[in-house]
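Chemist: Those protein sequence lines, which keep their order, are chains A and B. Our numbering puts the first sequence at residues 1 to 407. Our numbering puts the second sequence at residues 1 to 471.
All the given hints hold, so there is nothing to weed out.
Subject to a maximum C-alpha distance of 25 Å in a straight line, what follows is the list of computed PhoX-like cross-link-like pairs (lysine-lysine): (1) A:K330 x B:K9; (2) B:K348 x B:K368; (3) A:K118 x A:K178; (4) A:K62 x B:K9; (5) B:K5 x A:K62; (6) A:K175 x B:K3; (7) A:K62 x A:K330; (8) B:K5 x A:K330; (9) A:K118 x B:K5; (10) A:K252 x A:K146; (11) B:K5 x A:K178; (12) B:K9 x A:K175; (13) B:K52 x B:K357; (14) A:K175 x B:K5; (15) A:K184 x A:K118; (16) B:K385 x B:K395; (17) A:K330 x B:K3; (18) A:K264 x B:K39; (19) B:K385 x B:K282; (20) B:K9 x A:K178; (21) B:K39 x B:K184; (22) B:K3 x A:K178; (23) B:K39 x B:K76; (24) B:K39 x A:K252; (25) B:K232 x B:K282.
Covered stretches of chain A, going by a simulated chain B footprint (3 or more residues, C-beta under 8 Å): (26) 308-315; (27) 345-353.
Partial list, derived from the structure: chain B residues whose beta carbon lies under 8 Å from chain A: (28) K3; (29) L4; (30) I8; (31) I11; (32) F12; (33) F15; (34) L37; (35) I38.
The set of hints was computed from the structure by calculation and includes no laboratory data. Backbone N, C-alpha and C define an ideal beta-carbon position, used for all residues, glycine too.
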Amino acid sequence: MEPRTEAIYNKNIAITALVGILAALLLAFREGVFSPVPIYGSLIFIVIMFVGHFLTNHLFPKQDPALFILCCFICQLGLVMLYRIDPESAAKQLIWFGIGCLLYFISSFVCRTWIEIKVGPFIFFLVTFVLLASPLIFGVERYGSKSWISFGNFLFQPSELAKITFSLFLADTLKEHKIEDSIKFFGQIFVVLGLLAFARDLGGAMLFYFAALIIIFAATSRLDLTVLGLIGAVVAGLLGYQFFGHVRVRTKAWLNPWEDVPGKGYQIVQSLFAIAEGGFFGTGLGLGRPDYIPAVTTDFIFSAFFEEFGFLGASALIVVYFLLIYRGIKISLTIENSFLCLSALGITVFFGIQIFTIIGGVIKLIPMTGVTLPFMSYGGSSMVMSFISLGILNGIIMRALGGEADG
Amino acid sequence: MDKLKRNIKLIFVVFSVLFISLILYLTYFTAVEREQLIKSSYNRRLWEQEEKVMRGTIYDSKGRPLAETGFEGGTKRRIYNGGKAIGPLIGYSDRVLGRAGIENVFNGELLGVSEQDPVTLLRQKILGVSEQGSDVYLTIDLDLQKTAYDLFQGRKGALVALEPQTGRILALVSSPGYDPSTVKQDWEKLSKDENKPLINRATQGLYPPGSAFKIITLAGALTYNPEIEYEKFYTPGYIKVSGSIIRDGQHLWPGEYDLNTAFRYSSNTVFIQIGQRVEREKMIEMAEAFGFNASNKSDIPIAKSTFPRPPVIGGDVEMAESFIGQGRILSTPVQMAQVAAIIANDGKMVTPYIAQKIVSPLGTEISKAPKASTTQVVSSEVARKIKALMVDVVKSGTGTAAAISGIEVAGKTGSAENPHGQAHAWFVGFAPAENPKIAVAVVVENAGSGGSVAGPIARGVISKYLSDIIR
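Next up, chain B with everything else stripped away, as it sits in the complex (with noise of 0.2 Å):
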C-alpha cells in the first residue's frame, strides 16, 4: 500500500511537470514567437486588420510623402510619389501580389499592429485612432534619389549614398525600376522583363566589386605590414601564382611602382604582391571587419556579401583573384557604401539604417536610429592614409571622372570582370576628403571603365547633394 501511495505521489509529479510545461510553452510563445506570427501573410486578421485600418505614411527625410493612403471615389487608394525611381525601394503592398520593398519590411508599422504596449493600444482606442497606421519616416532625400536614378538613363546598376558618421542610407537606387502606383496593370511586363526591374540590386545585388576591393586589401597591408608605404614593387605587367597568370590593365606599363602610383592606377599585380605579403587570416578578418560575411544588421534586408574563407577558398589562386576583388568574392552595393562610409568615419564601423522614426497616430514617436557604433575597423591613422590616396585617384588616377571642382571627392574605381559580358563599372569614395557628409558607391552592369562610366554618376550624386546642403 505505501508503495502505492509512493507510485501515485510520482504520477502526481509527472502530471505537475506536464502542466507546468504548456504554461512554460506559451509563455515562450507568447513572448517570442508572438509577433512574428501576428505579422505572418497568412493571418488572415492581418488582411481584415489591412481592409479596415488607413495605412501609414512614408515619407522621406524632409517630410514629403512617397508612399500614402488616400481616397478616390469613395475607396482606398496607396499613392506613390516618386515615380520610377523610389519602385524598388518603396516597393508595393497589394492583396493580389502581395508585398515588397519598405512597404513589406515596415508592414507591422505600417498598419499599426506592431504596437507592443497595451496601455497605448488601449488609449488609441479610446481616442478613436486605432484604425490608423504609424507613420515611417526614412532617411532617403527624395531629390537626391530622383537624381541619381535619372543619371543612370536607364541602364542597369544601383547606387547607395550614406552619411559616413550615422550610417543614414541618403539614397538608395536600383536601375532600371518601376512606378509603384501602376505596378498592378505593369505586372506582366515588369515580371517578365530581362533587366529584371522588380529586383531590388542596391540590397539583394551581388556583384564582384573588382579593384574597388583593393581598399580593404590597401587596410589590411597597412595595417599589418605599415612598410609597404615607403617600398617599391617591380612588376612585369603579370604575375604567375601557382602557375596561373594574371595581368594588369592594358593602360599599365611593366616598371617599378610605389603604393600611390599602384592604387592611383589600379595595378593588380601589385595589389597580388601586397596582399600575399599579410598572413592569409588576417586577410579574411580584415575583410569580415569592413562586413562581409557578416549578418544583416542594418533594419532593411540586405544580401550578404561574401568573401571566401576556409574551407570554401579554393587555394593561392582564389586568394589572389579576392585581394583584387575578383573570383569568388561577391558584394553587394551597400556593402561597398559602407567600406567607402568607413573610411571616411576615420576607420569607424558604420551601419546603414533606412527608418529614421516611426510616429503612432497618438503622436507618439519611435526613433529608430542606431547608436553610433565606436568600434574601430581600421585605425584612424590607416584611415587617414588610405584617404590620401583615395584623393589622389580622383585627382589624377583612374578616377577623374568623379572630381568636382573645388571640393575633394575620394574614390577607387573598379571595373569587375564577369562572366555576363563586359566588366561591371564600380565607383567606391566621398566627398569632401576633409569633412565627408557622403560617402557612396555606384554600379553599373556590364559598362566596361569604372571610372568613365560609373565615376559621372558618382560625381553627380556627391555635387547635388553638397549644394543642397550648403544651400
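Next comes chain A alone, as it looks inside the complex (with noise of 0.2 Å):
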C-alpha cells in the first residue's frame, strides 16, 4: 500500500478509537456515578480492531482495509446504543464482534484460496437449500417467523449463510452472461423463495427476490426479465396482502398507523416519536428514550439512534452505509473474472436492499419488514454473517489484486 493511502486509513481507524473513548466517557458518568464498564469495553474494541486492522494489512497486504474500518466504524456505534440501552446485551455482543473479526479474515483468506474451486452452480442450490429447509425441521419459532434453529442458548438464522450460498448459486449459474435453463433455474430460484415465505420470513423472501432480479439484470441485461421481475414484486405483494395476515397488517400500519395507534400502529408509531424527539441535533446519548420503542436492540435499533444522535448523526450513519456499498461495488468493478464479479456484486447487493428496507421500514418512507440491520443489531448471526459476507468480499479482491501481481 502506499504510504499516504496507508496514512488515511489510519487516520480513519484514529478517528473511530476516538468516538468509542468518548462515547464510552459519556456512558461512563451516565449515571451521575463513574463506572468504568463501558471503558473496559471500549478499549477490548479497539484492542481487537487495532489488532484486526494492523495484522491483518501485514499479512494481506492486497486486502480493501476500507471495508473493514467502516465497518468496525457501525459496530462501535451498535455497541454504544446497545450499552446504553441495555448493558449485558452489548457485552454478548462485543463477543460476538470479536468472533465476527476473527471469522472475517478466516473467510477472507479461504475465500482467496477456494472461492474458484469447481464444485457447480447444483452444489450451491443444494447448500441453500438444506440451509433454509432445515428450520423447518428442527427449527424453533421466533418473532412470528420459523426460520431459527436453537443450539442451547444460542438462536442462528441459516437464511443468513443462505444469502452468501445464493449469491454463489447465482454468480455461478449465471457466469457465462446467459440462462442456459430457465425452467431449472426459475425452479430453483422458487424453490428458495417458496421456502423462505414458507417460514413465514417474508423480509427474507422480499430480500432474496430482489438480489435475484438485480444479479440476473446484471448477469443478462435482459430489460423484459426486470421489467417482468417488477411486476412479478407487486402481484406477489398484492397476493401477499391478500393471503397473509402480517403483510395486511404492516401494509395497513405503514399507510396509516394513526388509525389504530395501540395496535396495529403501535411500533412505526413510537420509532417515529423518537426520530421527531431527535429533530437536526438529537438529544444527545442517554438522553432519549428507548425504552419506548419496541424491538429496540433488533428491527428499530436505528430509530433509538435518531432519537439521541438526531438528523446529523443518522444521516452520517447513512453515509457510512454507502460508502460500504460504495466499496463493494468498487470491488466488483475491478474484477475481471465474471464468477468473482457477480459473487462480489451479489453479497453487495443483499447488504444494500437489507439496509435500505428495514431503514426505510423504521422510517415509514416504505412498508416496515422484519430485518436486521446490519453491524448494528443485536443477534449473533446477524453479527458473523455480515462479517463473513464483507470477509468473502475482502478474499475476492484479495485474490483478483494478488492475480493481478502475480501475472
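Put the two chains together into one complex, using the hints given.
Modeler: Laid out in C-alpha cells, this is it:
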C-alpha cells in the first residue's frame, strides 16, 4: 500500500477509536456515578479493531482495509447504543464482534484460496436448500417466523448464511451472461423463495427476490426479465396482502398508523416519535427514551440512534453504510472474472437492499419488514454472517489484486 | 464483460438514489412532520414531560392568572380563576379527560416543548429552567368576560367582543359554561347535559345569522349598485321568488321604503329585492371576502362559516334566503363579530386572535399578534355608509335596546328562524360609532327577537368596556 493511502486509513481508524472513547466516557458518567465498565468495553473493542487492522494489513497487503474500518465504525455505534439500552446485551454483542472479526479474516483467507473451486451451481443450490429447509424441520419460531435453529441458548438463522450461498449459486449459474436452462433456473429460485415464505420469513423472501432480480439483470442485461420481475414483485405483494395476515397488518400500519395507534400502528408510531424527538441535533447520548420503542435492540435500533444522535448523526450513519456499498460495487467493478464479479455484486446487493429496507421501514418511507440492520442490530448470527459475507468480499478482491500482481 | 460493468454502474446509481431518498425523507420528516408528532397526544414523551414540567400560566390581558399550576399538599394542581365564565374558553388538561380549549391549543407552549431553537433549549438546561413551561398571555379581559357571562343569566348563547383595529379578542363567552376547577368531578353531569356546556359555542357554534347578515347584503349592494342608496322600494309585505313566498316580520307594513328605513326596520322583502340586483357571483365573493367559506386564520380553532355557493347552492329561493341570513347559510359568533369589526375598521380586514404573547421561562417574549391587515374588504366609503345606517338602527330602529346614553352605538339585529324552536336572537355592532373601540356579536339561542334579547347583552358589555378604558 502507498504510504499516503495507508496514512488515510490510519487516520480513519484513529478517529473511530476516538469516537468510541468519547462515547464510553459519556456512558461511564451517565448515571451520575462513575462506572468503568463502558471504558473497559471500549478498550477491548479498540484492541480488537487495531489488531484486526494492523495485523491483517501486514499479513494480506492486497486486501481492502476500508471494508473493515467502515464496519468497525458501524459496529461501534451499535455497541454504544446497545450498552446504553441494555449493558448485558452489549457485552454479548462485543463477544460476537470479536468472533465476527476472526471469521472475517478466516473467510477472507479461505475465500482467497478456495473461491474458484469448481463445485458447480447445483451444489450451491443444494446448500442453500438445506440451509433454508432445516429450520422448517428442526427450527423454532421467533418473531413470527419459523426460520431459527437453536443450539442451546444460541439462536441461529440459517437464512443469513443462505444469502451467501444463494449469491454464489446465482453468480455461478449466470457467469456466462446467459440463462442456460430457464425452467430449471427459475424453478430453483422459486423453491428458495417458497421455503422462505413457508417459514413465514417474508422480509427474507423479499430480500432474496430483489437480490436475484438485480443479479439476473446485471449478468444477462435482460430488460424484459427485469420489468417482468418488477411486475411480479407487485403481484406478489398483492397476493401477500391477500393471504398473509401480517403483511396486511404491516401495510395498513404503513399507510395509516394513526388509525390504530395502540394496536397495529404501535411499533411504527413509537419509532416515529423517537425520530421526531431527535430532531436535527438529537437529544444527546443517554438522554432519549429507547425504552419506549419496541424491538429496539434489533429492528428499531436505527430509531433509537436517531433519537439520541439526531438527523445529523443518522445521516452520517447512512452515508457510512453507503460507503460500504460503494466499496462493494467498486470491488465488483475491478474484477475481470465474471463469477467473482457477480459473487461480489451479490453480496453487496444483499447488504444494500437489507440496509435500505430496514431503515426505510422504521422511518415509514416503505412498509416495515423484519430484517436486521447489519453490524448494528443485536444478534449473534446476523453479526457473524455479516462479517463472513464481508470477508468473502475482501477475499475476492485479495484474489483479484493478488492475481494481477502475479501475472 | 463491458455490459456487466455498465449494468453494475447502473445498479450503483439505483442504490445511490435509494440512499439519498432515505436522507431526503428524513430531512422532510424533521423539518415538517416532526412538530406535530412531538405534540401528539399519543406521544408518551409528552406525558412524561407533563409529569416533570411545571405547566405554564395562562394570563388575561391585564396580567391576572386564569390558569396556573400550584402545589397543594405536595402534589401539583392546576388552579383556575374565573369560574364558569372561562370554562369553555380555557378548557382543561387532564390525563383522563384529555385536553380542551386554550389548554389544548397552546399545550406545546405551556409544556415548553414547542421551543424549536436548540440554543435556547441548551441555555434553559444549563440555567435549570428546562422543567418549566412557557406562559401564555391572552387578549381576554377577565372582568369583561365575567360581566358578559353574567348577562346571559344561564341562557344558551355566545358572545364575542373584538378590538376592531387589531382583531384582539376581548371576550369570548359561551353560555352555559362550566368551572374548569371542578370539571373532573362534574364530568358525568356535564357530558350528559342537554345544554352542552362543554362546547365552546362562540367558536364552534354554527347558527343562521338571520337579519344580521343584511350588513353583508348591504355591502354588496352599495359596492356594485351604489344607486340603490337613493331609490325607493315598494313591498306588499311579501315577495314571491320562483313560486315561494317570503314574508316580512309582523312589525312591518306594506308600502314604499327607502334604504335607511328598510335597514332600520329590517325588511326581508326589500333586502331580497336589493340582493337580487347584484350578480350572484359578486354576492358570493362579498360574503367570502368577509370571511365566509374561508379556512380559519385565527390562532384558535374556529368552525368554518358557510355561505352556499355552486354546486351546493340550490336555486333562486335559496339565494334569496341567503340575502336575509336564512336558508343554508351558517355563521359562528366569531365570524359575525368579525363582520362588525370590518365595518368599524373602515372596511379593512380584521383577523381575530387570542394569544398576545408567549413568555419563556428565560423571559424571552414571542409576540403572537398578527400584523394589522390592509386588505380592504369594502371601500371605506361603503363602510362609512353602512356605519351610518347601523347607527340609525340603534337610534330609532330594531336595535334601540342596545342604545347607551352619551355614546353612539352602531348595530344590527337578527332573529334567525331555525328548526329548533323560537328564533335565535342576534345583535351585531360596535361603539363608539365615530371611533370604534369594541365590536361585538351576541347570539342567544331560541330567545325570539334579536333587538330585545341580544341587544341588552351587547349594551352591557359595550358600556362596561368603554367605562373601563375611560377610567
